[in-house]
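Q: Given chain E, work out where chains F and V should sit, using these hints.
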Amino acid sequence: MTILEVDRLTRSFGALMAVAGVSFTIREGELVGLIGPNGAGKSTLYNLIAGAIAPTSGKIMFQNRSVAGWKPYHAARAGVARTFQIPKPYRKLSVVDNVALNALLHDKSMAAARRRAEAILADVGLADQAGNPSTILTVGELKRLEVARALALRPTLVLFDEIMAGLTRNEVMTMTTLVASLPARGITVIWVEHVLYAIMNAAPRIMVLHRGELIADDTPENLVKNPGVIQAYFGEETTFA
Amino acid sequence: MITFGQLVLSGLLIGCIYALMSMGLTLIFGVLRIVNFAHGEFLMIAMYGAWAVTAYLGLNPYVAILAVVPAMALFGVIVHKLVISPGVDKPHLVLVFATMGLSILMQNVALMFFSADLFDVPPMFGGQSVIVGPFFFKAELLLGFMITVFCTIGLRWTINSTYLGKAIRATVQDSEAAMLMGIPVPRIFMIAFASGSALVGLAACVMMPLFSVFPTVGLNFVLIAFVIVVLGGLGSIEGALLGGMCIGIVQSVSSYYIAPAYGQLFFFVLFLLVMIFRPEGLLGRRGEATVGIN
Amino acid sequence: MALTSKSTADTKPRPALPSRWWMKPGRGSVSWLELALLVLCMALVVAPVPHSYQDVIIVTLLWGGVAIAWNIAGGYAGLISFGHAAFFGIGAYTSTILLVNYGISPWLGLWLGGIIAAVFGVTLALIGTRLRGPFFILSTLAAAEVVRIGALNWTSLTGGAEGLWITPTPSIANMVFASRTAYVALVLGYAIFVYLVSKTIERSRYGLALFAVRDDEDAASAAGVNPLIARTWAMAASAFLTAIGGSLFAQYFQFLDPTHVVSPELSFQFALLAALGGLGTAIGPVLGAIAIMPLSELLRSYLGAAFQGLHLAIYGGFLVFVMLYLPGGIASALERPASRPRESP
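Protein chains in written order, with my numbering: chain E, 1 to 241; chain F, 1 to 294; chain V, 1 to 345.
Excised from the complex, chain E in its bound form:
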C-alpha cells in the first residue's frame, strides 16, 4: 500500500529551483535510500515532506491524503518523523527529556514518556547519558539523539538525514542494523546518507537526486552502472564519506 506519493513536486527560492519536478512513490515497509551530491535538494525535499516549508507546486500525498503545505506538527501527529541534518537538541534539557518530549506525543504521562525514552536511548546506545545535559554530547551522539527522538514519535514514516556522520565503522554497522530492522516494526524509512557503504549494502532501493531532479531510482547494483549517476558524482568533485 502506498504510504507516500510525490508528484511533480517543485520548490524554488527565487530563481533557484531547489527541487524540480520530483515524482516518486513509496510503499509501506520499504527502506529507500536517497543520495546525491551536496546541494542536490535532499534537505529541501525532506523539509517539503515534513512540512517545514510549502511547495511552490506539485503534490504530496501521505497515506492517500493530500498534505502539501502542512505544518511540521501536523506531520508529526500523522506519523511522519524526521531527523535534522544539523542536530537540533533542546539545549537546556537533559538527554532523556529531549526524547521524552517526543514520546509525549503518544504517551500520556511524564513517567511513561521518560521510561520509553530511556528504552529508546538504550537502543541507540545513549543510555548512560540519559541524565546529562544535552550540551555535553559529541556530534556523533547528537546524531544518535536525533534518531532516538524520531523513533520516540512512534512514526509510520521516518526521514533520516545523514545519521551516520561521526560514527565509527562498528557503530555504523550497528546503526545500519537498527535502521534495517525498522520496516519489520512497521516503519517505512527514507534515508539520506553520505556514508555510502552503509546505505548501498542495506537499502534495496535508492533514489538519486541531482540539482533538484530525480535522476535515478533503482537498486544499488544498477545504480553503480548508471552513467548519469556516475557523472553526477565524478563529474563534480564529490568525496565519499
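Just so you know, these hints were derived from the structure itself, not from any lab. You may find that some hints are simply not true.
The list that follows gives simulated cross-link-like pairs (lysine-lysine, DSSO-like), each with its CA atoms no further than 30 Å apart [claimed, not checked]:
{"id": "1", "chain 1": "V", "residue 1": "K199", "chain 2": "F", "residue 2": "K138"}
{"id": "2", "chain 1": "F", "residue 1": "K81", "chain 2": "F", "residue 2": "K166"}
{"id": "3", "chain 1": "F", "residue 1": "K90", "chain 2": "F", "residue 2": "K166"}
{"id": "4", "chain 1": "E", "residue 1": "K88", "chain 2": "E", "residue 2": "K71"}
{"id": "5", "chain 1": "V", "residue 1": "K199", "chain 2": "E", "residue 2": "K108"}
{"id": "6", "chain 1": "E", "residue 1": "K59", "chain 2": "E", "residue 2": "K88"}
{"id": "7", "chain 1": "E", "residue 1": "K108", "chain 2": "E", "residue 2": "K88"}
{"id": "8", "chain 1": "V", "residue 1": "K199", "chain 2": "E", "residue 2": "K88"}
{"id": "9", "chain 1": "E", "residue 1": "K88", "chain 2": "F", "residue 2": "K90"}
Just so it is clear, the structure is predicted and the values come from calculations on it, not from any experiment.
A: Using the frame of chain E, we list chains F and V on its own:
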C-alpha cells in the same frame, strides 16, 4: 492648507533630526546585531556635554560638535570594551539587560551630578525664524536638518567608497566569513559602536538648541528612536532617515489636529502595525525580524 | 547489539557532574533550599519587625511573585517582555475601579483583572508570533506604552494623571487591612501561589513542551508541538498572574496613577529580578527579588539622602556586572560548579 504644509514641513525637518539621533542605534544594530537600550542615555550625556561646553566655555552648541563628537566616540570605545564586547558572544538577552543596567547607571549618575533640573542653551539666532515662502522655520531646525543631510551623505559615501565601509558591509553580511577573510571583526565592532556613539553626539549638539536636557530625557527619545529604526529597517541608515521623516510628520500633524497627548500613542500604534505587517521595515533586510538575529 | 557511547574513538573522560544535594536535582522537584526559604518567609510574617522593614518585605514578596509570573513567559517560553507593567496596571486598575465605583470586592475583582490581562497577553503573543529577539522585546515595550497612554488619557475611567485613590475602610471583604502584618501574609500567599503554579507548569507535559519550543522551535514543531499555542498559553498565564499582583499592589498602596503603575521602569524591574535570579527556574525570580529589593531599599535609605540617585547608580552598575559575568543568574551560581560547560542563561 498653508497650516498643513507648515506642519508637514516642520515635521519633516524635526523628523530628520530625530533620524540623526537614531542613526547611531541602527548602525550599531546593523553591525553588532544588538539593541543598545542605553541609547537614550548616550544622547542624554552628550546633551549635557553640549550644554556644558556652551555654559562654561561660552561657545555655541554647533561649535561644541568639535568637542562632543570625539568625546562621545571615546566614550563609545570605553563602553564597548567594558560592557559590549564581553557580552557579544552570549545570548542576546545578556546585552539587553546589561545595556538596561547601563541606562539606569547613567541616568542616576547624571542625576547625581546635574540634579533633576532642566537645562537649556540660550537661543542662537535671537529666536528669529527663517522665512521660506509662506512658511516659518526656526533657524536651529533648518541648521539641524542640513547637518543631518550632510551627515547622511557622508555616511553613505564612507560605507560605499572606502575600505572601512566595505569591511563594515562584509561584517554586516557575515561576520564569521569576514573574519576568515582577514577583516578584524572585533575592531570593526568597536568602530561601529564608537561611530554610533559619535553620531549620537552630533545629534545631541543639534538637538540642544531645540530641547531641554534632564536626566531622564533619554527615555522620551529612545522610544522615538526605536520606532524610527524599526520603521526604517534595522541596520539601514537611509531607512532611519526615511523613518525619521515619517515619524516627524506623523507627530507634527497628529499633535495639531488631534491632541498632543495622543501624538505618542500614534507612534506606538504605527510601530505595532509595522511589526505585524512588515517587521523588517521599509528598507530592512527581509526575514531578519522573523528568522532571528543570531 | 546495542551501541554504547564508549567506542574505540571515545577515550576522553566525561567531566564529573556532581550536583549540590541541597539544590534542586532536576527539573520540577522541590529542594531543601526552597523549603528553607519558605519557612523563612513564613517566619517573616509573624516576626515582630519594624514597619519600615515590613514594607520592604511586602514589596520584596510582591515583586518576587510578579517576577515569577514574568518568568513563565520570559524564562519558560523565551518571550522576553519589557511590557509586563501593562498587565500589572490592568490588574490594579480593574479591581480598583470595580471596588471604588461598584463596591465589588477585590477578591472578585482581581479575577476579572487577570482575565482582561490574559486577553491582552494573548493578543500580544499573537501579534509578536513571528518576531524574534529584540523585535519582540520592543513590541512589548510599545504595547505597554499604548496601555499607559490610554490609561493616562481615558480620564473618565482611570482618573488620568491624577490617579485613583482607595479610601481605606479596613475590612477583609475590601482587602484593606489596618496592620501591615496582614499585608505581608497576603503577598506571601500570592507569592507561594504563583510559585506553585510555576512549579506545576515546570513539571508538567505542557512545561516540557514549552521548554522545547523555547530551546528549538523547529525541533519542537517537528515533535508535534504547536509553538504558537504553547507560547500563547504561557503569555496568558503570565499576564493573568501578573495582573493579580497588580490588584494586590493597589490594595496595599491605595493609590494608582499610570505614570508609576504602567511604567517601563516597572516592566524592566520585573524582567531584571527574574533574569538576575535565573531565568529557567521557578526559584530564580525569588532569589532575584530577595537579592535586589532589600538591597535597593537599603541603598536608598543610606545613600539616597546624601546623593540623590547614587543607590540606583550602584544598582545599575551591579546589574551590568552580574549580567555579563553571571548570565545564568544567582540560581546558576548555586547549582553546579564550574566543571559544567559554560551554559547560556
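Q: Now tell me, hint by hint, if it's right for this structure.
A: Quick rundown of the hints versus the structure:
Taking the CA atoms of K199(V) and K138(F), the gap is near 60 Å; set against the 30 Å cutoff, the hint is violated. At most 30 Å may separate the alpha-carbon atoms for a hinted pair to count; K81(F) and K166(F) meet this at roughly 23 Å. For a cut-off of 30 Å, the pair hint linking K90(F) to K166(F) stands: about 26 Å separates their Cα positions. Between K88(E) and K71(E), the direct Cα distance comes to roughly 18 Å. Compliance with the 30 Å bound is thereby established for this hinted pair.
The straight-line distance between the Cα atoms of K199(V) and K108(E) is roughly 19 Å, inside the 30 Å bound, and the hint therefore holds. Between the alpha carbons of K59(E) and K88(E) the distance comes to roughly 28 Å, so the proposed pair stays at or under 30 Å and holds. The straight-line distance between the Cα atoms of K108(E) and K88(E) is roughly 24 Å, inside the 30 Å bound, and the hint therefore holds. The hinted pair formed by K199(V) and K88(E) meets the criterion: a straight-line CA distance of about 26 Å does not exceed 30 Å.
With a CA separation close to 19 Å, the supplied pair K88(E) and K90(F) stays within the 30 Å bound.
Hint 1 from the earlier list is the only one contradicted by this structure; the remaining hints agree with it.
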